[in-house]
Amino acid sequence: MGLLKEVIRLVVRNDEESLAELRRRHRMHELKGNWAGAKECHVANLGDWLCVWQVSDNLAIFLRTGTPDEIFR
1 MGLLKEVIRL
11 VVRNDEESLA
21 ELRRRHRMHE
31 LKGNWAGAKE
41 CHVANLGDWL
51 CVWQVSDNLA
61 IFLRTGTPDE
71 IFR
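Heads up, the sequence shown stops at 73 in UniProt numbering, and the numbers go up one at a time, no gaps.
Calculated from the structure, these hints are not laboratory results. Nothing here was measured: the structure is a model prediction, and the numbers come from that model. Treat the hints with care, as some may be off.
Here are the computed lysine to aspartate or glutamate pairs in the EDC-like style, where the Cα-Cα straight-line distance is at most 16 Å [stated by the list, open to error]: (1) 5 with 30; (2) 5 with 40; (3) 5 with 21.
Pairwise CB distance ranges (calculated) [what the hints assert, rightly or not]: (4) 63 with 19: 15 to 21 Å; (5) 20 with 69: 28 to 34 Å; (6) 5 with 33: 24 to 30 Å; (7) 13 with 73: 18 to 24 Å; (8) 16 with 69: 31 to 37 Å.
By construction, the Cβ of each residue, glycine as well, lies at the ideal position given by its N, Cα and C atoms.
Use the sequences and the hints to build the structure in full.
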């Protein structure tokens with residue numbers, strides 16, 4: 001759970017440095033299609049463990065965490 005907490009801290013911090021770290025270490029990117037407006041990253045770069053969230057009015061709303069099959073099916 002500590003690995004997910006680290007990702008959450010970076011998302012909530014939402015500054016240039018934390019976003020750069022999310023992109024570099026966790027492969028953060030914006031989603032498309034039905035998930036347009038949401039962002040996704042790999043938790044601790046552990047392959048199949050993802051975290052999906054949206055930012056609205058400076059508030060991070062965490063939507064799902066799990067494998068791609070659990071999230072997108």
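Verification of the hints:
{"no.": "1", "hint": "5 with 30", "in the structure": "violated, 20 Å"}
{"no.": "2", "hint": "5 with 40", "in the structure": "holds, 15 Å"}
{"no.": "3", "hint": "5 with 21", "in the structure": "holds, 14 Å"}
{"no.": "4", "hint": "63 with 19: 15 to 21 Å", "in the structure": "holds, 18 Å"}
{"no.": "5", "hint": "20 with 69: 28 to 34 Å", "in the structure": "holds, 29 Å"}
{"no.": "6", "hint": "5 with 33: 24 to 30 Å", "in the structure": "holds, 29 Å"}
{"no.": "7", "hint": "13 with 73: 18 to 24 Å", "in the structure": "violated, 31 Å"}
{"no.": "8", "hint": "16 with 69: 31 to 37 Å", "in the structure": "holds, 33 Å"}
Figure legend: structure checked against the earlier numbered hints; hints not met, in rising order: 1 and 7.
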